[in-house]
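A.B. asks: Sequence:
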Amino acid sequence: ARYFFNKEGDFNNLTSAAYHKKTHLLVTGFASGIFHLHELPEFNLIHSLSISDQRIASISINCTGDWIAFGCSGFGQLLVWEWQSESYVLKQQGHFNSMVSLAYSPDGQYIVTGGEDGKVKVWNTSSSFCFVTFTEHTSGVTAVTFTSTGYVVLSASLDGTVRAFDLHRYRNFRTFTSPRPSQFSCLAVDSSGEIVSAGSQDSFEIFIWSMQSGRLLDVLAGHEGPISSLSFNPMKCVLASASWDKTVKLWDMLDSWRTKETLIMNSDVLVVAFRPDGKELAVAALNGQITFWDHENAVQTGSIEGRHDLQMGRKELDKITAKQAAKGKSFTTLCYSADGQSILAGGLSKFVCIYNVKEQILMKKFEISCNHSLDAMEVREHRSLFFVPPPPQDFGFGVICSSLFLCFHSRRLVFVKYLLNIVTCLLGRSWAATTTEGLLIYSLDSGLIFDPFELDIDVTPSNIRKTLRQKEYTMAIIMAFKLNEKKLIQEVIEAVPSSEVDVVCSSLPDLYVEKLLEFLASAFETSCHLEFYLIWAHKLLMLHGQKLKTR
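Start counting the sequence shown at 1; every next residue gets the next number (full-length UniProt numbering).
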């Protein structure tokens with residue numbers, strides 16, 4: 001059969017489709033953001049809805065045919081729709097332009113990001129979902145940060161405003177502006193959360209406001225270039241400002257914001273960061289160097305030459321070699337670890353580098369992307385790609401090149417992955433980076449969560465019973481769930497003394513808490529040990545209920 005979607009005069013491009021064989025459902029998505037749900041073979045229209053004003057790029061139906069997932073690439077939207085109850089199961093949208101800045105909340109549970117689309121988004125680190133989006137800015141957001149309480153988010157923008165958002169009521173409760181319109185490029189808030197500062201990229205001034213009253217307290221002038229970065233000392237009332245005029249200035253808040261010290265650099269300064277104890281200042285410059293300063297005495301204590309650690313391959317349209325291109329590389333973002341012994345650095349490259357501050361050596365280099373469909377991701381030379389042309393010929397005006405070197409690259413897409421911002425969690429267990437491919441979180445606390453059922457030779461019924469006899473109850477339960485045999489799981493759980501239930505529940509990893517609760521739910525239906533299983537359920541929910549709720 002042949003059917004037509006478009007009525008006369010109502011033409012709309014079909015952009016995606018999916019068919020569910022069991023239920024005979026055909027889902028079609030259109031360029032206008034509308035989708036249709038038809039029943040085949042009669043082609044009866046069950047449902048039609050507009051879910052976006054962008055084209056629907058992708059559609060998928062789950063195995064039961066109840067949920068339909070839609071992807072809209074224009075806005076970075078992901079929607080899951082339950083068609084029978086006509087309700088959303090999931091609705092998520094990312095930044096549809098690059099994310100350029102991010103900050104962890106003090107407790108590490110949330111991350112705030114700012115994008116070139118003018119949106120400020122707050123994400124939950126455990127669920128990876130965005131739970132609130134602020135759209136008050138009318139131009140790109142350049143910097144975001146949390147106050148020390150964790151309940152207020154601040155953002156600076158090119159629209160000439162700094163805005164404060166309340167995470168209790170989800171509203172913009174304060175808007176800071178300058179006397180003359182300025183484009184703000186950086187932002188900092190002091191440890192008390194009372195003083196807000198922002199640097200301008202056109203008037204070369206730093207503006208200071210009071211959070212309480214919203215009033216402009218002072219305008220700090222002295223730099224001769226755009227302000228690139230601001231950082232408050234966590235322990236003292238000192239503000240460090242970096243500028244393209246090759247200086248870092250230290251301003252004393254208690255001494256009427258007078259310049260306490262000016263540190264002269266060899267190159268334009270891109271970013272400054274104080275160590276968590278406030279005793280050291282790290283500065284990254286355009287020449288690729290990271291320098292460390294004792295700011296009290298204005299003495300340089302060390303430096304790291306990081307340019308070669310950012311080196312990438314040669315891009316398809318590059319006129320110079322990768323080695324020459326590396327001379328223009330520099331770090332655009334710095335962040336100390338929680339203990340202050342290491343520093344993370346990233347720039348316009350696919351690498352994030354972790355350096356030991358004391359030894360000034362590279363400890364680890366993270367490769368943010370291994371996507372070879374992006375240009376210049378391959379660094380090694382391929383000898384087979386050397387091309388030797390015929391002998392040189394003289395045409396009277398010089399010699400044609402006698403050799404030609406073709407660098408290995410991918411010709412499919414011309415994109416470079418830029419690392420835009422980087423920040424560590426205050427607990428020191430994880431760090432996050434905003435890149436051109438999205439927000440990435442790296443953590444030490446992977447534990448067993450990402451690999452729960454990888455059986456090795458030691459996970460056998462006899463070994464599980466042996467572990468049980470040694471009274472290592474938590475390990476025995478984890479091994480039983482790895483093997484995933486219901487009778488064995490029941491045997492292990494019923495062998496745990498009721499006095500030990502509390503201890504076992506508190507030491508169980510999160511993933512196994514959910515699996516154990518699922519097992520208990522089925523056991524309640526059949527088991528005669530009702531009170532024993534109720535003790536398990538009660539202890540699990542008391543200890544892990546809050547964590548499960550947030551997820």
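Everything labelled a hint here was simulated from the structure, so no lab data went into it. Hints may be right or wrong, so weigh each one.
[Claimed, not checked] Lysine-lysine pairs mimicking BS3-like chemistry, simulated, CA-CA at most 30 angstroms apart:
#, residue 1, residue 2
1, K487, K539
2, K466, K487
3, K315, K260
4, K319, K279
5, K323, K279
6, K327, K260
7, K364, K315
8, K323, K236
9, K323, K246
10, K323, K260
11, K515, K486
12, K482, K466
13, K236, K315
14, K319, K365
15, K327, K365
16, K279, K364
17, K515, K549
18, K487, K515
19, K539, K482
20, K358, K236
21, K482, K547
22, K21, K91
23, K471, K364
24, K364, K246
25, K547, K91
26, K486, K471
27, K358, K260
Owing to the predicted nature of the structure, the values given are computational and were not obtained by experimental measurement.
A.B. asks: Each hint needs a verdict: does it hold in this structure or not?
C.D. replies: Hint-by-hint comparison with the structure:
At most 30 angstroms may separate the alpha-carbon atoms for a hinted pair to count; K487 and K539 meet this at roughly 22 angstroms. Between K466 and K487 the CA atoms are separated by roughly 16 angstroms; this keeps the pair inside 30 angstroms, and the hint holds. Our distance criterion of 30 angstroms between C-alpha atoms is broken by K315 and K260, whose separation comes to about 45 angstroms. About 44 angstroms separates the Cα atoms of K319 and K279, which puts this hinted pair outside 30 angstroms; it is violated.
The suggested pairing of K323 with K279 is violated, with an alpha-carbon distance near 36 angstroms, which exceeds 30 angstroms. Among the hinted pairs, K327 with K260 is inconsistent with the structure: their alpha-carbon atoms are about 33 angstroms apart, more than 30 angstroms. Only pairs whose Cα atoms come within 30 angstroms are accepted, and K364 paired with K315 is accepted, the gap being roughly 25 angstroms. Straight-line distance between C-alpha atoms of K323 and K236 comes to about 42 angstroms, which puts the hinted pair past the 30 angstroms bound.
Under the criterion of a C-alpha separation no larger than 30 angstroms, the hint pairing K323 with K246 is consistent with the structure, at around 25 angstroms. In summary, the hint linking K323 to K260 is not supported, as the alpha carbons are separated by about 40 angstroms, beyond the 30 angstroms threshold. Taking the CA atoms of K515 and K486, the gap is near 12 angstroms; set against the 30 angstroms cutoff, the hint holds. Taken as a hint, the K482 and K466 pair is honoured in the structure, with Cα atoms around 16 angstroms apart against an allowance of 30 angstroms.
Simply put, K236 and K315 have alpha-carbon atoms about 46 angstroms apart, too far for the 30 angstroms limit, and the pair is violated. Proximity of K319 to K365 is assessed by CA-CA distance (about 27 angstroms); at most 30 angstroms being required, the pair is judged to hold. At most 30 angstroms may separate the alpha-carbon atoms for a hinted pair to count; K327 and K365 meet this at roughly 19 angstroms. Restraint check for K279 and K364: the C-alpha separation of about 24 angstroms stays at or below 30 angstroms, so the hint holds.
For the proposed pair K515 and K549, the alpha carbon gap of about 15 angstroms is at most 30 angstroms, so the pair holds. The straight-line distance between the Cα atoms of K487 and K515 is roughly 15 angstroms, inside the 30 angstroms bound, and the hint therefore holds. The suggested pairing of K539 with K482 holds, with an alpha-carbon distance near 22 angstroms, which does not exceed 30 angstroms. For the hint linking K358 to K236, the alpha-carbon distance of about 23 angstroms falls within 30 angstroms, and the restraint holds.
In summary, the hint linking K482 to K547 is supported, as the alpha carbons are separated by about 23 angstroms, within the 30 angstroms threshold. Between K21 and K91, the direct Cα distance comes to roughly 26 angstroms. Compliance with the 30 angstroms bound is thereby established for this hinted pair. A distance of roughly 40 angstroms separates the Cα atoms of K471 and K364; the hinted pair therefore is violated under the 30 angstroms criterion. Note on K364 and K246: the hinted pairing holds, with a Cα-Cα distance of about 29 angstroms set against a maximum of 30 angstroms.
About 22 angstroms separates the Cα atoms of K547 and K91, which keeps this hinted pair within 30 angstroms; it holds. Taking the CA atoms of K486 and K471, the gap is near 20 angstroms; set against the 30 angstroms cutoff, the hint holds. Taken as a hint, the K358 and K260 pair is honoured in the structure, with Cα atoms around 26 angstroms apart against an allowance of 30 angstroms.
Checked against the numbered hints listed earlier, the structure breaks hints 3, 4, 5, 6, 8, 10, 13 and 23; every other hint is satisfied.
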